[in-house]
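Protein chains in written order, with numbering that gives the first Met the number 0: chain B, 0 to 155; chain Y, 0 to 680.
Hints are computed from structural coordinates only; laboratory data are not their basis. Fair warning: this is a prediction, and the values are worked out from it, not measured in the lab. Glycine is no exception: its CB is placed at the ideal position from the N, C-alpha and C atoms. Some clues are possibly wrong.
Reference excerpt, derived from the structure (chain B facing chain Y, CB under 10 Å, subset only) [unchecked claim]: (1) L25; (2) K35; (3) V95.
For lysine-lysine, the following DSSO-like pairs were computed, each having C-alpha atoms within a straight-line distance of at most 27 Å [as the list claims (entries may be wrong)]: (4) Y:K78 / B:K37; (5) Y:K461 / B:K75; (6) B:K35 / Y:K200.
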Amino acid sequence: MSEVHEDKERYLVYRIKDELYASPLLDFKEVIEFIKPKIVPNMPNYFSGMVNLRGLIMGVIDLRKKLGYQENYELKPSMLICETDVGPLAAIIDKVEFVVYFSPTEIQDLKVEGKVDISCLQGFMQYQEHLISVIDIKKFVSNIEKSEKVEQEKAA
Amino acid sequence: MKNISLGKKINGLCIMVLLLTGIVTFVQFKKTNDSLIEKVHDKFQTDAEMLGANITTVLFERYYDVQAFASNKALTQFKEKEQMTMGLNSLVNLYGVYDLLMVVDAKGNYISSSSVDSFGIDIDTNKIQGNYADTNWFKKTMSGEFTVGKLYSGTFVESPQFDPITSKAEDRPMYGTSFSAPLKNDQGEIIGVVTARANFKWIAKLFASFFNAVKAQGYNTELSLVDGSGKLLFEYDPVLHKSDKFKYDEQVLGKLNLSESNAVSKMMKGVKGAEYVVHTRKNVEQLVGFSPFDKEHFFESFNWGILVRIPKNAALGNIVDNERNFLLGLLVVLVVGLIISFFVSWIIGKSFIAESKKLSESAVASHQLSKVLFESSDSVASATVEQSAGIQESVSALSEMGSMISQTASSAKTSMDSAQKMNNKAKEGEHIMEEMMYSFRSIQEANQQLQKISSIIQEVSKKTNIINDIVFKTQLLSFNASIEAARAGQHGKGFAVVAEEVGNLAKVSGSAAKDIELMLQDSQKQVQDILSGLQEKIEKSSSVSNQAVSNFKDISNEIDVIVSQIRGITDACAQQELGVQQTSTAMSQIDVATQKNSSTAQETLGAAKKLADENTKLKDISASIFGLINGESFKSKTVESQPQKPSSGAGDSAILSLDDSVQNLMKKRGSRDPKQQGKAS
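The whole structure should be built from the sequences, with the hints applied where relevant.
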C-alpha cells in the first residue's frame, strides 16, 4: 500500500470484540503491549488503575468496559497511549488492526438526536467490507476526565 | 348239660356241695342226735329196768319173810291165840310193811291174826274171822301151787289189789300184795296157811325214791307198774296228781288196761325199750321207757313190767332245741353259701365271659393276622420268584454293563489322546499369542516415538508463538513508526511507507506464522488422532490377545482337567469292571439266597397255613369256652343273632371265610408252583 494519499488523513483501526473502531493516528502518542496496571481503589470499573511507562505515570482506561463490552481474556490486549489535555492516558483495546488512509469527508456523520451524549462518536467509515465507528479518542477521554471530575466535585 | 352256663353249673355245683355237706352234717347230727335220743331212751329203759330190779329185790324179801314166819313154831300152837297175836303184832311192828298177818288152819278157818296194821293202828280182828277156804290164795297154798321163780319156791303171791281182807278189817280200801306160805308141823304136815298182807307202800316208796332220783337228773317222770295182761297195777305221777302222796284210785288200779299201748304190748312180749306213745288220759305224747321184770329172778307166772313215762318235750327238750337250732343254722349257712356261690359264680362268670370274649376277639384277630401272614408269605414267595428272575436279568444286564464299561474305557483312552493333542494345539496357540503380544509391544514402542514427534511438533508450535509475538511487536513497531512518520509530516513520508511496508511484512509473516501454526496444529491433531487410535487399538488388541492368551491357558488347563477326568474315568471304568465282576458273583450268591428264600417262603407259607389251622382250632376252643361259660344255647343264640360281629365270640363265619381264602391261596400256589420251579432252576 504504497500509494500517496494527499488529501487523506491516517486513521488507526483497532478491534474491541468483533467491532472495529478507528481514531486519527495522530491522536496517539504510542502503541504498547499490555502492562498490568496498578489498581487504584474507589475508582469506576472502566478505570483499571495506573501504569508506569518509562518513568511516566499515567491512568489506564479499559475502553472495552467503557464501551459496554466484557473483558476478553483470550486475546492479548494492547494499550493505546493518548496525549490529552490533562496528560497522557492509556486505553486498553483488544487488538490493533491496521492503519488506514481515509478522507474525513468520507466519514458519514451520525444524524441522530437523542438524550445520550454521542458527541465523541464522529461517524462511520466504510472500509472494504467493514463498517468502522470513528471515535474522537481525545474527546472521549477528555469527557471521561471531565465527567469524573464533575462526579468527584459532586461527591465532594 | 351243655345248655347250662358255667355260672349255673358253678351255682349248681355249689348248691350240690352245700346240700351234700348239709345232708352229711345233718345225717351226722342226726346220728349224734339219735345216739343222744338213744341214750335218753336207754336211760329211761334202764331206769325202768332198775326199778323193776329194785321191786324184785323187795318182793323177794317179802317172799321169804312169809316162809320165815311160817317156820316159826309159835305159830303152830293154834291154841294159844293171844300169844300168836302178840307174836304177829311184834312181826308187823318189826317189818312195818304188813297190814295184816293172819294164820288159818288147814280147813281155812281163821286161827289168829295181828291186831295192828303197818301204820301202828289197831284193827278189828273180829271182822275178819271166818273161813277162807274158798279164797284163791288158800287153795293155791294148800295145793302147793306156789308162785315160783327159777331159784325159789314155797310162797304163793297175789298180785297187788285192793285187799278184801284188810279193807274189811280197816273199813277202807287197802291196796296191797299178799304172800302166803303153808304152815307145817314137826312132822311136815300142812296144818295151816300163813298169809302176810303187805301194804303197797313199801313198793310205792321205791317208786317215790326212784322218782326223786330221776327228778334230780332233771326229769319229771311218771312211773307205772303194769301186769302181764296190761293192767295198770300202780302208778306214781305227782305231776298229774299234784301231790307227792301215793294215790290208790280204785277206778284205775287193776282196771285200766294199757295193753293197747304199743309200749305195753311190746313189753308183754318180753321186750324192753323205749317208745313214743300218746297218753290217752293226758292227751300228750310221751316217751315211754319200758322194761319187763327179769324172768331169771322173778316169778314165772307174773309178767310185770315197769313204764317210765315222760312227756316227749321234757325228755328231749334240749335235743329238740338243739335239732331246731342246728336246722336253723344249717338253713342259714345254706342260704349264705348259696348267696356267696351265686355272687362268686356271677363274678367268675362275668370275668370269664369278659376273658373269653377277649380270647375270642384275640383269636379272631390272630386269625386275621394269620391270614395276613399267609397272604404276605404268599406274596413273599411270589416276590422271591420275581426277585430271582430279576436277579437273573440283573446278572445279564451286569455283563452288558461290563462290556459297555470296557467300551467306555477304550473311548476314554481315545478321548484322552485327542485331549492331549488339543492341549498341544492350545499351547501352540498360546505361544503364538505371546509372540503377537511381543509384536504389539514393539508397535507400542513405535507409538511412543510417534508421541515424541508430536511433542516436537508442539515445540515447533511454541516457536511459532514466538514468531507471532515478534510479528505482534513488529506490528506495534510499524504502528509506532507510522505515528512517528506522521508527526514528521512531509519529511516522514518515505519513512511512513517503510513503516507501512514493515507493518505489511509483519502482517504477512504473522499470517504465515498463523498458517504454520494451523498446519502444525492440524498435523499435531492428526498425529494425536493416530496416536490415540493406535493406542486404543493396541490396547484393545493387547487386551484381546491377553484374553486370548489367558483363554488359551484356560483351555489348556481345562484340557488338563479333562485329561485328568478322563484318567479318572478310565480308573473308574477299571474299578467298575472289577465292581461289576464282584457284583456279578454277589448276584449269583443272591440268586442262591433267593432260591433259599423261595423255599423258606414256601415253608413260611406252610407254617402260616398251619398257624391258620391252629387259629381255627383256637377259635373253636375259644368258642367252646365261650359256650362252656355261657351255655351252648347262649352261644348258638349269639351266633345266630350276631354272625357279623367277631367280638361276640362267634368267629366261626370269619374262620370259615379265612379257611376259604386260605384254600384259594393254596390252590393258587399249587398252580403257580411248577412255574416257580422252572424259574428257580
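The hints, checked one at a time:
A distance limit of 10 Å between C-beta atoms decides the matter here; for L25 (chain B) the minimum to chain Y is near 5 Å, and the interface restraint holds. Hint status for K35 (chain B): violated, given a least beta-carbon distance of 17 Å to chain Y, over 10 Å. At a threshold of 10 Å, the smallest CB-CB gap from V95 (chain B) to chain Y is about 6 Å, leaving the interface hint in force. Between K78 (chain Y) and K37 (chain B) the alpha-carbon distance is near 240 Å, which puts this suggested pair outside the 27 Å criterion.
For the hint linking K461 (chain Y) to K75 (chain B), the alpha-carbon distance of about 16 Å falls within 27 Å, and the restraint holds. Distance check on the hinted pair: K35 (chain B) and K200 (chain Y) sit about 208 Å apart at the alpha-carbon level, beyond 27 Å; violated.
Violated hints, in rising order: 2, 4, 6; the structure is consistent with all others.
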